Amino acid sequence: MINDPDRLDDVRLACGGDRQAFGRLIDDYGGLVYTLLHRMVQDRDTARDLAQDTFVKTWTKLRSLRKHASFPSWICSVARRTALDHLRRIKVRKEVSMPEESFVENPDNCTQELSPEGIALLKQAVCKLSDRDRQLITLAYWKELNLSDVGRIMGIPESNVRVYLHRARKRLREHLRGYENELLQQID
Amino acid sequence: MSSCSRSTSVLSYLLDELEEDDKVLFERHLENCPFCRDELRLERILQNGLSECTKPSAAPPELRLNVLKRTLTAQQPRFPFLQIAVTLLSGTAVFIVLLKVLRGSGLLETGFGLLMRFANGIFAALEPANSLPLMIGLGIVLIGIATGVASLLPEK
Ligand SMILES: [Zn+2]
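Protein chains in written order, with my numbering: chain R, 1 to 188; chain X, 1001 to 1156.
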């Protein structure tokens, strides 16, 4: 959900056909869209192309957007559908493991609690998750989206999002089994 | 201690999903259970770690320019439904007018029995409008209605 009035204004202007406002929305949400696509299609160039397609589609459908504040979840839904269409087209096996490069690499960005080794462990574990779990966890931690947004994007009833998230976290823990002490020592 | 049956509540506690009473009870349990305390620390580390390493990366630098270029050159129809409706209805209108012309010229009487009967049926139903200008008018009205209806329908 958008709370920032300026951003909300941009959505409203873009709905009325203002290209400059739409350009600002691309700047604001391009990273979100690109990252989601990259984590789904696992290829930078494809994600770049699909990000363009997503925004062009969004532009042509903007008039049908009823709630301007839900623009972030709406555009993520369009991106996810675009990626699924692409994957269906190229008939890629969907449950392949993720390249770790699609996760943030810059150690400066990493939490102070976890060392680079800890982050590497966590990334490995996330990469071992199923497509759906990984998408769910990715979206659930984005501050631009709330759980009902995540539900809308993933096509899951909001009431189930929490349940699925818990399960995803549980599976993540299973992938980290044996490394618990290592992780705990990170903050000692 | 190597496990605890109440450790299933750790994540709910961390995510603040417990009812107030359960929360108080669980906090009391935490004081006496080193296993759950370790679990809580671990889940907290994961929580922070996840929100860091799932952070979105920056948008590709050329994205904005490329998208805006494409929205200029490849303006797509706002409502595919409108296109379909207009195509169908203008097709129908043209068909009706064509039938009228063919029927008037007498071409349909030779070897097109079924089509002739169909045309007669249609024109009998539209008796008061049984003239070419009225038929064309009807076609235009149909297209107008289709366009109006389509523009009211939001896309999914
Ligand atoms: Zn315990």
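The hints are simulated quantities; they were obtained by calculation from the structure and are not laboratory data. Keep in mind that this is a model prediction, so the values were computed, not measured. One or more hints might be untrue.
Computed cross-link-like contacts, EDC-like style, restricted to lysine to aspartate or glutamate with a CA-CA straight-line distance of at most 16 Å [claimed, not checked]:
#1 X:Lys1055 - R:Asp4
#2 R:Lys143 - X:Glu1052
#3 X:Lys1069 - R:Asp27
#4 R:Lys143 - R:Asp49
#5 X:Lys1055 - R:Asp49
#6 X:Lys1069 - R:Asp4
#7 R:Lys91 - R:Asp131
#8 X:Lys1069 - R:Asp131
#9 X:Lys1069 - R:Asp53
#10 R:Lys170 - X:Asp1021
Outcome of the hint check:
1. X:Lys1055 - R:Asp4: violated, 20 Å
2. R:Lys143 - X:Glu1052: Within the cut-off at roughly 11 Å; holds.
3. X:Lys1069 - R:Asp27: Holds. X:Lys1069 to R:Asp27 sits at ~15 Å (cutoff 16 Å).
4. R:Lys143 - R:Asp49: The given pair, whose Cα atoms are some 25 Å apart, is violated under the 16 Å limit.
5. X:Lys1055 - R:Asp49: At roughly 21 Å apart (the allowed maximum being 16 Å), R:Asp49 and X:Lys1055 break the hint.
6. X:Lys1069 - R:Asp4: violated, 27 Å
7. R:Lys91 - R:Asp131: holds, 15 Å
8. X:Lys1069 - R:Asp131: violated, 33 Å
9. X:Lys1069 - R:Asp53: Between X:Lys1069 and R:Asp53 the Cα gap is close to 12 Å, so the pair holds against 16 Å.
10. R:Lys170 - X:Asp1021: violated, 25 Å
When held up to the earlier numbered hints, the structure conflicts with 1, 4, 5, 6, 8, 10 and fits the remainder.
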